[in-house]
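A.B. asks: Listed here are the chains, written in short residue letters.
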Amino acid sequence: MSNVKIPIGPQHPALKEPASFTITLNGERILSMDLRLGYNHRGIEKACEERSYIQCMYLLERVCGICSHSHSTAFIQAVEELAGLEVPKRGLYIRTLVAELERIHSHLLWLGVAGHEVGFDTLLMYSWRDREVVMDLLAALTGNRVNYGMNTVGGVRRDISPDQIKDIQKGLDILEERTKYYVEVATEETTLIERLSGVGYLSPEDARNLGAVGPTGRGSQVDRDVRRDDPYASYGDVSFKVITDDHNDVYGRTLVRVKELFETYGIIRQLLKNMPDGPIAVKAPRRIPAGEALSRYEAPRGEDVHFVKSNGTDKPERVKVRAPTMANLQAVAKMLENNRLADVPIIVAAIDPCFSCTDRSIQIKDPSGGNTGVMSWSQIREYGINWYKKHGIDFKSKGL
Amino acid sequence: MSEETIQKELENKFSGLKGKITIKRKRRIYVDVTDDIFHNVFAFIVKDLKFPILCTITGLDEGETFGAVYHLASEDGIVLNLKNHVPRANPVFRTISEYFPGGIIYERELVDMFGAKVEGLPPGPRYPLPDGWPDGQFPLRKDWKADMLDKKPEDVKNE
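Line by line, the protein sequences are chains E and U.
Residues in the first sequence are numbered from 141 upward in steps of one, following the working numbering.
Residues in the second sequence are numbered from 222 upward in steps of one, following the working numbering.
These are calculated hints, taken from the structure and not from any lab test.
Take the hints with a grain of salt, since some may be wrong.
[Stated by the list, open to error] Computed list of lysine-lysine pairs in DSSO-like fashion (alpha-carbon distance at most 27 Å, straight line):
#1 E/Lys381 to U/Lys247
#2 U/Lys234 to E/Lys186
#3 E/Lys455 to U/Lys366
#4 E/Lys229 to U/Lys247
[As the list claims (entries may be wrong)] Which bits of chain E does chain U cover? Going by a derived footprint, with three or more residues having C-beta under 8 Å, they are:
#5 349 to 357
#6 362 to 371
#7 441 to 450
#8 457 to 464
Keep in mind it's a predicted model, so treat the numbers as computed, not measured.
A virtual CB, placed ideally from N, CA and C, is assigned to each residue, including glycine.
Please build the complete structure, drawing on both the sequences and the hints.
C.D. replies: The following block contains the structure:
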């Protein structure tokens, strides 16, 4: 049979974000893959050159909806290094706490997506239900489910109360219990093991050569984790294991993520127990002295790299961002070789490429008690239009 | 290997690097290199000094020259930022893809965003700009502004 080329993307039901895979097949078997990226390029690096450091921080937080704290922290660490700021210990602890809570929500989100991609939607329903526990904690701590706005140059913007610490501890108990169940599912559920084993094989040599990072690399025995190797924030004060696995396939990547959750719970418990007193931020200058700084951060998907060059003004000369998916996509072509076409979605999903997940309805609560209800987006829109009308602004009369 | 040992090893091997190496803080080394010795220095750092991780490549518009910073990391967390420069009039870098096949995508960024050439870069799709992007427009050059997209190439040339 002659070879056939199948284009998958840039828009395709199996992809959650635009990317173009041209797959060469012999029968059902994948021979090679060509990748075309860039459909989501938004010019953020250029935009940073025209904005103040604090504006850049909020912009960079929006590079990714899931690991937003990762990007803002990676950037702000570089700026703080350039400004010579010493962030108070309590500020660093809170920053690290949000980072680890973000890892929980990201890994649970991934587990659900992986379940969905292999037709195991019960796992999706369970893990996303449990993920709400950590989403509520993040919302209580920061005011937001995503794009937390917790960082500022010189520390964090919100302190944490003793009550919140108790809430987090309670939430961790629930999550830990549920994660034990997921480990059971991942190690005992035959259909899942059979479906994921041997799929998307990436040898340790290829993983190193192609620069795979995070759970994608660690699932192929690449024992690297920036939190341990190049510690930042409060990671020097906590102990944890770097989880690796020798399956070298999608199953290995699954085990790494599930087991990493336990390490994250351990880190959070240590942070809460040893949370120092004191200020949460120091005052930062508007103008940052000229220099260059490179910041690395272990995001849920792997190493996030930000390079900042300053020129003494209040705007950066250059900001460079390397998100972990960029590093991992290089390994996807290798993972796809000799697999079947039907395995493409789970292999691509197994590197955990960035998805956006913000669409939701809003529950409205009357603070005086009484009325509680759910509004759809169209009802919210209608409500907004009427609210402005009552306050003397009629959008229709303005031709909007 | 400590930061100071790495500095000494580099200075012993390449006398031209004396005064060009800065240890800015623990685990951060910055090396400024000229294009004629770049490749030898790069190979020495990767192979002999054991820096097996390429974090990324950052392109810089420095006015008369274009810079490329190769952020290399060792297993024990040290990052060596190796900066090379090529003239703006003839911006040609040599590929490092024989050491890091995964680095191709970062080199394609230098091509698209700065209009640099990368000698030895394997053929493949461009990154990250779209296929219909106008010729001669390189967004990360300092003289590029977003409104130039609406102008014809000849108008941009005359400015």
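A.B. asks: With reference to the structure, classify each hint as holding or not holding.
C.D. replies: Going through the hints against the structure:
{"no.": "1", "hint": "E/Lys381 to U/Lys247", "verdict": "holds (23 Å)"}
{"no.": "2", "hint": "U/Lys234 to E/Lys186", "verdict": "violated (38 Å)"}
{"no.": "3", "hint": "E/Lys455 to U/Lys366", "verdict": "holds (16 Å)"}
{"no.": "4", "hint": "E/Lys229 to U/Lys247", "verdict": "holds (19 Å)"}
{"no.": "5", "hint": "349 to 357", "verdict": "holds (count 3)"}
{"no.": "6", "hint": "362 to 371", "verdict": "holds (count 5)"}
{"no.": "7", "hint": "441 to 450", "verdict": "holds (count 4)"}
{"no.": "8", "hint": "457 to 464", "verdict": "holds (count 3)"}
Hint violations for this structure: number 2 only, all remaining hints satisfied.
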